[in-house]
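*Asks:* Read off the chains here:
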Amino acid sequence: MDTDVVIEFNNVTKSFGSQVILNRINLKIFRGKVTAIIGKSGTGKTVLLKHMIGLLEPTSGDIFFEGKNMAKLRPEERQRARSKFSYMFQNGALFDSINIYDNVALPLRETTRLNEKEIRRRVMDKLEKLEITDIVEKYPSEISGGMKKRVGLARALVVDPEIILIDEPTTGLDPIRRNAVHSMISHMQRKFGFTAVIVSHDIPDVFYVSQRVAMLDKGEIIADCLPEEIPFVDNSVVKEFIKGVENLKDELTGLHTKSQITQKFTINRAIPAESFFSVILFRIDGLDKINETLGFITGQKVLKHLAAFIESFLRVSCEHSRYSDNQILTILPNIKKMMADLLLRKLGEALKNYPPLPPEGFQAMSYTISAGVAESGDMTHIDHVVDETEKTMKVIGRFHLS
Amino acid sequence: MELILEQIRSHGAQTLSSLRALGKLSLFVMDATMLCFHAPFKWKRIVEEMFHIGVKSVFVVCLTAFFTGMVLGLQGYYTLSRFGSEGLLGGAVALTLIRELGPVLTALMVTGRAGSFISSELGSMRISEQIDALYTMNINPIKYLVSPKIIAAVLAVPLLTAIGDMVGIFGGYITGVVMLDLNSGVFINNMISSTDMSDVVNGLIKPVFFGYVLAAISSYRGFFCDSLRTGGKGSEAVSTATTSSVVISSVTILISDYILTAFLM
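From first to last, the protein sequence lines are chains A and B. Going by my numbering, the first sequence opens with residue 1, and the numbers climb by one from there. Going by my numbering, the second sequence opens with residue 1, and the numbers climb by one from there.
Chain B extracted, bound-state conformation (with noise of 0.2 Å):
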């Protein structure tokens, strides 16, 4: 009976912590989009974070963009062609790409580089005491550090999404018209008919929504790196923190992927 009694108050004080974590996280999110909107407004900051999550991720979200794109060529090719439908290639990667496959690869792509870069910063000023520094000169650390990070983000990732769903079609492009040989003609004829405004308009209002949700996962892992239940003191906690700011962000990416699909099916 002790035994069982011990059981339901471990998991109830897992619950409880979790859910406090849970309420924590709304906070701190609430707070930082609210303060996204109250002047004056850091543009400098802005700028900066935007060089930080955006210009410097365009290598990365292009390398794997394109050699997504051919992938999706060589597979579309050989599953088309067994219906006769190789025509249909151009369209297929496309909407393949613009639709799903670009904004989701996008934001993990920029999780893994920029996502950690951010929960690290913050968690490394948050064990150097920079952050507090910041309220004892009564700066507001959540307005100067990570609503700019959100801004960012949110401008950055679909401006990343655009670029990596052009070179992922080139790359399609490769594999169907100069690899395998299907007409040039047909190949951007099918992608440009079977595309419509909704669709590119779809596929850039996903990564909006991932970009906060990367932005302020991970700036909220770093902030308060040092009394997540995670553990971990000093540079552990700040690891710590890298690294689920990543798993989680990444997972909640995708969870969010599919109910955002189902709304703007």
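The following block holds chain A by itself, in its conformation from the complex (with noise of 0.2 Å):
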């Protein structure tokens, strides 16, 4: 057994009657790393997940957790296992007689021996991460469906825990909240380094918060890869299910996504007349520091803010993209390096004339953007170009909001 998978289904199959849901399911889940779980509605998503903590059984096959078989660990073994475990339900799942900061403190209080400060300080932490601390007084009846989604989020990451599962999260929630709570998930993984397995129908966002893929169609895994990878899956419903999504924007910042551009990427390769083209990366520095105290709102703004300006300095025909949480790719076809040199030169000149953003909170925040130019040459993968940006990454533009 690989140490890096710590829940691996194996031939899963679940039924209700005479209704298969889940149809011999092979898949693993490795540490450390977010699997997203993509797919029509009423695939079977939801039941998957619920079989990866124990509130279904299977049918039939066998669902391992760190290598040891979930339907043989003893009582105690099992509550063990299941400690290591959160999960965030798709409705929020919130106990309707107890107030949201009650609600939040549940499990610290109920499966810990800390004090009451402490657990202040960790619910208060977590809600104020995900910007709802001005509810906490309120009872999940008075909240409205994207709050219980975010105070559920919050139930689920007090713990620190060390597997989160998570259906749903942004489901209702407006393109903002959407990608804070992506970035918030994102940028908590990176911090703590947990297992997430997110269940979402969010394609363009989710993939930017995930380092794997499976894609679940009628009950059956059609699709388990890197993200990158998923648009060149040969399976007639991940292309239809691609296609669908292909002419999404990132809807915050009216972007592309990455996949998008890797897509488009590769097309450019094969299409002789684009066989030459340059790319610019640009990335906010700083941006972190903001999301952590200006609230991920701003972050985004400040990226959105950003994103207008250089498609309105650059041309038409350029394709511009999201590629990270901090990161602008720039594709200009048929230009090569020297010109695009030229360009960003000028695109740094015109940031000094960069209108500044309106004041965010009571902190003053500095960022920095910097840009690398790089040209296609002839590598086959879009990050060995981004790669080779970094080589002429410089700083373009020192910002405050304040």
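Keep in mind that the hints were calculated from the coordinates and are not lab data. Some hints could be false.
[Said to hold, decoys possible] To give a feel for the contact side, a few chain A residues facing chain B, derived at Cβ under 10 Å:
| no. | residue |
| --- | --- |
| 1 | Met88 |
| 2 | Phe95 |
| 3 | Gly372 |
[As the list claims (entries may be wrong)] Once the Cα atoms are required to be at most 20 Å apart in a straight line, the calculated EDC-like pairs of lysine to aspartate or glutamate come out as:
| no. | chain 1 | residue 1 | chain 2 | residue 2 |
| --- | --- | --- | --- | --- |
| 4 | B | Lys42 | A | Glu116 |
| 5 | A | Lys336 | A | Glu319 |
| 6 | B | Lys44 | A | Glu319 |
| 7 | B | Lys42 | A | Asp102 |
| 8 | A | Lys28 | A | Asp288 |
| 9 | B | Lys44 | A | Glu116 |
| 10 | A | Lys301 | A | Asp288 |
| 11 | B | Lys24 | A | Glu77 |
| 12 | A | Lys191 | A | Glu228 |
| 13 | B | Lys42 | A | Glu110 |
| 14 | A | Lys394 | A | Asp383 |
| 15 | A | Lys84 | B | Asp196 |
| 16 | A | Lys33 | A | Glu228 |
| 17 | B | Lys44 | A | Asp102 |
Backbone N, C-alpha and C define an ideal beta-carbon position, used for all residues, glycine too.
Assemble the dimeric complex from its two separately framed chains, guided by the hints.
*Replies:* Put into structure tokens, the structure is as follows:
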């Protein structure tokens, strides 16, 4: 057994009466990685997630947790295993007779010996990160569905779990909040290194936070790969699914997604007329600090502001995408590196007149914009070109948010 | 022949299903009872449940007991007067209430009010995945939700019975002494002389058992509302579980009352 594998499904089938929901599922969840489970509604994603924590038992097949068959664990072993998990329900599953603060504090009060002061610190920390401190005294029936989701996420994260299972964390949220939730999951995963499994419909967004993607269709896993490999999976359902989201842009920044730009790169490589092009990678340093201090929404505004400026400055034929949480990648077709360097220099000059963002919060924050240029040459993968930009990466502007 | 076999098969399946449900109920009740004695004790939750089950039922129990006492006084007076024994009214009212009617009526009233509350509360927690959420947080939902209700009911129902007995006797006193001009001293003296400690003790053992029965059955019906044979999903399952919990608890209380009375006589 691979020690990197935390959960393994081995030929798992689940039926409710005559209806088969999961059909001979084989899947591995890797330690320290975020795995996204995608697929149409009603394909068994939530059922799959509930099997991982033992809320449902398979009709046949085995589920292994850290190499041990879950069905054969003794009750105390099962309890020990479950203590490593956290689960965020699709509808939040909040306790409606207690207020939001008590909801989030509940797992700490019931499963740890922490004093009330420490519990308060941890609860408020999570609520602040999700920007819901103003509803602590309210009851679940008094808040919106989106807020319930964020409270559910705070409750799942408050125990600092080793493995977190998240069922549609952003469905029904507005684009800003959706982005904030994804950013927070990504940020916390990087910080604490937990293993996460996310069931989601928000395909472009979820690719940013996940390192693996599994696609479920009619109870079967039809793709299990890296996010950037998804467009190249040879399956008609996957292709149809990806085609459906191909034209979607990141709703917050108006940019293409990483998978779209990866596809674009590959297509450009294949067309002789488009065989040479350059890329510019823009990076905002200090965005993590802004996210932490002034909130994710402010952080995303900074990204959007820069994206709008780059789009207005460069040619219409240029393709812009959000490459990571703090990076924007621009492809400049039929442009050599020398020309791209010149364009970047002019863009740097224009940045001096970069309109400032309106003040946010009470704390002054600074951030830096750096950029690097590279030419595609004969490189076959976009990541290699992006690596190349690092060699020429330099600061093109410093700004303050105050 | 085929028809007969089909009937046998159907009855067999029903019997097996009933036995399975009984087994599930037994395991659930056993688990909940054992967890009542496992530390840490949820004192805050027990007090909260005592408020819901006990304090909120005081009014309805007192009202029922008062009018029951008055009816007993009225009926008892006319029956005893036929034999020229009106002076025994105090004892008749007190003994009937303390030994029998007080515990049963209190338990039935608490079942109607608090039993339905327990069942619908747990049922709605089940369908909104709150019980599943407790599992995922590694919190035993039976210990967290059910055991405090059982402890609270076992403590609250005898206390309510004692209050109900007093109010009922007072109702009998009003009818006998105030309305029918029976001598107050005779009423009270006869009540004291004909009631001894064993009557009071027996009258308080029953409600302990009734409290346990109503809390266990109501919790079970609500806790498993979505997987019960009685059917229904979602809010329908909750309402079905609530209704059936009241009916089953009430019938169980009346049947067990006979058995307990036979043992305690």
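*Asks:* For the pair supplied as a hint, Lys42(B) and Glu116(A), is the alpha-carbon distance within the 20 Å limit?
*Replies:* Answer holds: Lys42(B) to Glu116(A) is near 16 Å, not above 20 Å.
*Asks:* Quick one, is the Met88(A) hint okay against chain B at 10 Å, beta carbons?
*Replies:* Status holds, d = 9 Å.
*Asks:* Is Lys28(A) within 20 Å of Asp288(A), Cα to Cα?
*Replies:* violated (31 Å)
*Asks:* Does Glu228(A) lie within 20 Å of Lys33(A) when you go C-alpha to C-alpha?
*Replies:* Within the cut-off at roughly 15 Å; holds.
*Asks:* Holds or violated: Lys24(B) with Glu77(A), Cα cutoff 20 Å?
*Replies:* This hinted pair is violated, its Cα atoms lying about 24 Å apart.
*Asks:* For Lys42(B) and Asp102(A), compute the direct alpha-carbon distance and say whether it is at most 20 Å.
*Replies:* holds (16 Å)
*Asks:* Is Lys191(A) close enough to Glu228(A), meaning Cα to Cα at most 20 Å?
*Replies:* violated (23 Å)
*Asks:* Have a go at the Gly372(A) hint: is there a Cβ in chain B nearer than 10 Å to its own Cβ?
*Replies:* Gly372(A) check fails; min Cβ-Cβ to chain B is 45 Å, beyond 10 Å.
*Asks:* Taken at face value, is the distance from the CA of Glu319(A) to the CA of Lys44(B) at most 20 Å?
*Replies:* violated (61 Å)
*Asks:* Taking 20 Å as the top limit, are the C-alpha atoms of Lys44(B) and Glu116(A) close enough?
*Replies:* holds (15 Å)
*Asks:* Lys84(A) and Asp196(B) were given as a pair; does the straight-line alpha-carbon distance stay at or below 20 Å?
*Replies:* violated (59 Å)
*Asks:* Should the hint that Phe95(A) touches chain B count as held when the rule is a Cβ pair under 10 Å?
*Replies:* holds (6 Å)
The structure fails hints 3, 6, 8, 11, 12 and 15 (numbered hints given earlier, in ascending order).
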